[in-house]
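Residue strings, one per chain:
Number of protein chains: 2
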Amino acid sequence: MAFSMARRMEVLRASEIRELLKITGRPEVISFAGGLPAPETFPVREMGEAVERLLAEHGAAAMQYSTTEGHPPLRAKIADRTNATAGTRFTAEDVLITSGSQQGLDLTGKIFLDDGDDVLCESPTYLGAINAFRAYGPRFVEVPTDDDGMITQELDERVRRCPRAKLIYVVPDFQNPTGRCWSVERRRGLLDVARRHGLPVIEDAPYRELRFEGKSRPPLVALDADDLVVHLGTFSKIFAPGLRVAWLVAPRALLDKYVLVKQGADLHTSTFTQMAIDTYLDRFDIDAAIGRIRALYRTRRDLMVRAMEASFPPEVSFTRPAGGLFLWAELAKGVNARALLDRSLGRDVAFVPGGSFFPNGGHENTMRLNYSNMPADRIEEGIRRLAAMLAEARSGEPAAVAS
Amino acid sequence: MAFSMARRMEVLRASEIRELLKITGRPEVISFAGGLPAPETFPVREMGEAVERLLAEHGAAAMQYSTTEGHPPLRAKIADRTNATAGTRFTAEDVLITSGSQQGLDLTGKIFLDDGDDVLCESPTYLGAINAFRAYGPRFVEVPTDDDGMITQELDERVRRCPRAKLIYVVPDFQNPTGRCWSVERRRGLLDVARRHGLPVIEDAPYRELRFEGKSRPPLVALDADDLVVHLGTFSKIFAPGLRVAWLVAPRALLDKYVLVKQGADLHTSTFTQMAIDTYLDRFDIDAAIGRIRALYRTRRDLMVRAMEASFPPEVSFTRPAGGLFLWAELAKGVNARALLDRSLGRDVAFVPGGSFFPNGGHENTMRLNYSNMPADRIEEGIRRLAAMLAEARSGEPAAVAS
Numbered sequence: 001m002a003f004s005m006a007r008r009m010e011v012l013r014a015s016e017i018r019e020l021l022k023i024t025g026r027p028e029v030i031s032f033a034g035g036l037p038a039p040e041t042f043p044v045r046e047m048g049e050a051v052e053r054l055l056a057e058h059g060a061a062a063m064q065y066s067t068t069e070g071h072p073p074l075r076a077k078i079a080d081r082t083n084a085t086a087g088t089r090f091t092a093e094d095v096l097i098t099s100g101s102q103q104g105l106d107l108t109g110k111i112f113l114d115d116g117d118d119v120l121c122e123s124p125t126y127l128g129a130i131n132a133f134r135a136y137g138p139r140f141v142e143v144p145t146d147d148d149g150m151i152t153q154e155l156d157e158r159v160r161r162c163p164r165a166k167l168i169y170v171v172p173d174f175q176n177p178t179g180r181c182w183s184v185e186r187r188r189g190l191l192d193v194a195r196r197h198g199l200p201v202i203e204d205a206p207y208r209e210l211r212f213e214g215k216s217r218p219p220l221v222a223l224d225a226d227d228l229v230v231h232l233g234t235f236s237k238i239f240a241p242g243l244r245v246a247w248l249v250a251p252r253a254l255l256d257k258y259v260l261v262k263q264g265a266d267l268h269t270s271t272f273t274q275m276a277i278d279t280y281l282d283r284f285d286i287d288a289a290i291g292r293i294r295a296l297y298r299t300r301r302d303l304m305v306r307a308m309e310a311s312f313p314p315e316v317s318f319t320r321p322a323g324g325l326f327l328w329a330e331l332a333k334g335v336n337a338r339a340l341l342d343r344s345l346g347r348d349v350a351f352v353p354g355g356s357f358f359p360n361g362g363h364e365n366t367m368r369l370n371y372s373n374m375p376a377d378r379i380e381e382g383i384r385r386l387a388a389m390l391a392e393a394r395s396g397e398p399a400a401v402a403s
Numbered sequence: 001m002a003f004s005m006a007r008r009m010e011v012l013r014a015s016e017i018r019e020l021l022k023i024t025g026r027p028e029v030i031s032f033a034g035g036l037p038a039p040e041t042f043p044v045r046e047m048g049e050a051v052e053r054l055l056a057e058h059g060a061a062a063m064q065y066s067t068t069e070g071h072p073p074l075r076a077k078i079a080d081r082t083n084a085t086a087g088t089r090f091t092a093e094d095v096l097i098t099s100g101s102q103q104g105l106d107l108t109g110k111i112f113l114d115d116g117d118d119v120l121c122e123s124p125t126y127l128g129a130i131n132a133f134r135a136y137g138p139r140f141v142e143v144p145t146d147d148d149g150m151i152t153q154e155l156d157e158r159v160r161r162c163p164r165a166k167l168i169y170v171v172p173d174f175q176n177p178t179g180r181c182w183s184v185e186r187r188r189g190l191l192d193v194a195r196r197h198g199l200p201v202i203e204d205a206p207y208r209e210l211r212f213e214g215k216s217r218p219p220l221v222a223l224d225a226d227d228l229v230v231h232l233g234t235f236s237k238i239f240a241p242g243l244r245v246a247w248l249v250a251p252r253a254l255l256d257k258y259v260l261v262k263q264g265a266d267l268h269t270s271t272f273t274q275m276a277i278d279t280y281l282d283r284f285d286i287d288a289a290i291g292r293i294r295a296l297y298r299t300r301r302d303l304m305v306r307a308m309e310a311s312f313p314p315e316v317s318f319t320r321p322a323g324g325l326f327l328w329a330e331l332a333k334g335v336n337a338r339a340l341l342d343r344s345l346g347r348d349v350a351f352v353p354g355g356s357f358f359p360n361g362g363h364e365n366t367m368r369l370n371y372s373n374m375p376a377d378r379i380e381e382g383i384r385r386l387a388a389m390l391a392e393a394r395s396g397e398p399a400a401v402a403s
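So the protein sequences, as listed, match chains A and B. All the letters of the first sequence, read from the start, carry residue numbers 1 to 403 under my numbering. All the letters of the second sequence, read from the start, carry residue numbers 1 to 403 under my numbering.
Because the hints were derived from the structure by calculation, they are not lab data. One or more hints might be untrue.
A pair counts as met if it fits within one copy or between any two copies, since identical chains are not told apart.
[Said to hold, decoys possible] Cross-link-like lysine-lysine pairs, in silico, DSSO-like; alpha carbons within 27 angstroms at most:
| # | residue 1 | residue 2 |
| --- | --- | --- |
| 1 | Lys257 | Lys77 |
| 2 | Lys257 | Lys22 |
| 3 | Lys215 | Lys77 |
| 4 | Lys77 | Lys22 |
| 5 | Lys333 | Lys215 |
| 6 | Lys215 | Lys257 |
| 7 | Lys333 | Lys22 |
The following block holds chain A by itself, in its conformation from the complex:
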């Protein structure tokens, strides 16, 4: 039977990335499409030891219901790590455990957004955030962004023109999809605009600890003197994503609202996975493990960048990220990346067409490339095939220039 559904269902679409990942699961496909961490970095043996210890010491508690806020010792460790890496002064009570940062985004939409409200975001921005927020019916106001981050003046002008602006969403460190890292000046500029207009800032920071070179920059939450920032962090990129354990840090009154909506959304995040990670952190050195992840991804980024520099047509520009999992390429004006993807899937190479990351459309000549999940030889082979297709597109073959 066909039922009457909520209006929001008319605008929701399946994530193109997740649909694409179903195709690219075949082992012969060289996939630059997903945002998958390298599985060889997962602490499988350590996880086994942690679970064994956990079950021996707290077996029943690990399998029982627990509080919405999260496992207190894990919240304390997250506060401590944030303080150590960002110079903040949080305690366990400032932290809420979430079921992945994706849930942090969904709860954010639920708390702040009514139909027709405005969300300000980078252009392009993270697809998962677009999908989460879209369920609450906002307009997306894309703010022009360059290699230093969101342009402060452009943000200010747009906020002035948006009486229904409700929040600003940003990924300041090694952004998904571009790999860009904001300058400190732009970070301060953003907070200044947010403060003047009384807007909350959602700082999504999954890649913050994956810097390959240079000095780390303070997250917005560390620069915030006015209780403006909700900071989202996750174990997905520094431990393993399959446990779905992430967190958010927010001003106390706002954190209470997140707890309230999380109660209705899933009661609480798995006690078992929270306590397993907590036990892992007690027994193993996560910073050393993150160091190994960084080293591996740096090597892969280097390979991909060098291969692209050597073989891509000169009119293709792309970012050289100093951290994270992704780089971003802009093709010649006439080239359509969705059409290119159709061809490249035929040659067992996948990427994500960049248009997906612009909530209001356009920019079809862009692409996101992930370098964290493929070994060296496949990165080189995949870029070689893409370069060949770009050369064909340049020579005017119809399949790749069709709209």
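Take the given structure of chain A and dock chain B to it, following the hints.
Chain B in isolation, oriented as in the chain A frame:
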């Protein structure tokens, strides 16, 4: 800073039960308040073996991202178990894994409800469903319900008067909070009304397999010939709740909508906990384990019912559930259960005032008592203390009769 929030935040309240559970965590409290399974039934040793095997065989996959729909072998096992216990013919493709049934309720609200729509439900109904749906702004239309379930004629009349009726939510087996189990006739009656009015039926069935005596009755999903029913099941009450793994079975076109909104809500449920349960099901006999849970809860129900029959004032009526975790008591008209709770917490006994389960208020002379989580001696002692307080209330002591 105080931000402008969505309108829904004005009506959301913290679950009284979850707030209460924070108080009742003290070991000296005899708590009939939560809906906690007995931790001594959790398969801790088996879980350890399952995780060890899982990590040895599929360690990296268990820690990686996976599909929104869920782990395919687990979906297949859930379909098979549903078919075996309910006589249905589902396959893995009919099943979506959710992060607890609470998420199934939240996704249901997101799919079906716009501000001002009507949800039809039993009176009283499950508090977690009220909280999940309330975020989407509906009115709750309570349908009179007796020991055989929702009264068909009353439902039909209310649906006729509700042009904005969008869904019917019910817990037909050993309902939370009353412990009631619907007759087959009422089940068929409900489906008939739903079919005539084109309304989806959300069947929440966490306690279905916890029947202590008598013959099990077909779930709505087994009686549904018209693709009306979304059936929610969970491992929380037959395995352990701390893993937050549940499922829903829905007509294919509708399941696609659930997958879509789940993508935006948390990408997918923990790969690790899904695969751990799947491995447990491969290696151990969950039906035997459920048999042990049933036997334990039956004993505890017997104890509580006998203690209440022996000591509660005659004007208190209460249900004698044939399964599940809860019974429901109706006190004399003038007695206020919230005031009684204030007193009983002073004597280290907790329960949930029944008024919480009526979305439109009233019925303050009712209470929900959980018998699954306390050992025999504490059940008897707790009921003894409650009986003493009820006797005092009867004699007109002011604290217990204040409004």
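Cross-check of the supplied hints:
| no. | hint | result |
| --- | --- | --- |
| 1 | Lys257 / Lys77 | within (22 angstroms within a copy, 37 angstroms between copies) |
| 2 | Lys257 / Lys22 | between (35 angstroms within a copy, 17 angstroms between copies) |
| 3 | Lys215 / Lys77 | within (24 angstroms within a copy, 50 angstroms between copies) |
| 4 | Lys77 / Lys22 | between (36 angstroms within a copy, 22 angstroms between copies) |
| 5 | Lys333 / Lys215 | neither (35 angstroms within a copy, 70 angstroms between copies) |
| 6 | Lys215 / Lys257 | neither (35 angstroms within a copy, 44 angstroms between copies) |
| 7 | Lys333 / Lys22 | neither (29 angstroms within a copy, 59 angstroms between copies) |
Violated hints for the displayed structure, listed by number in ascending order: 5, 6 and 7.
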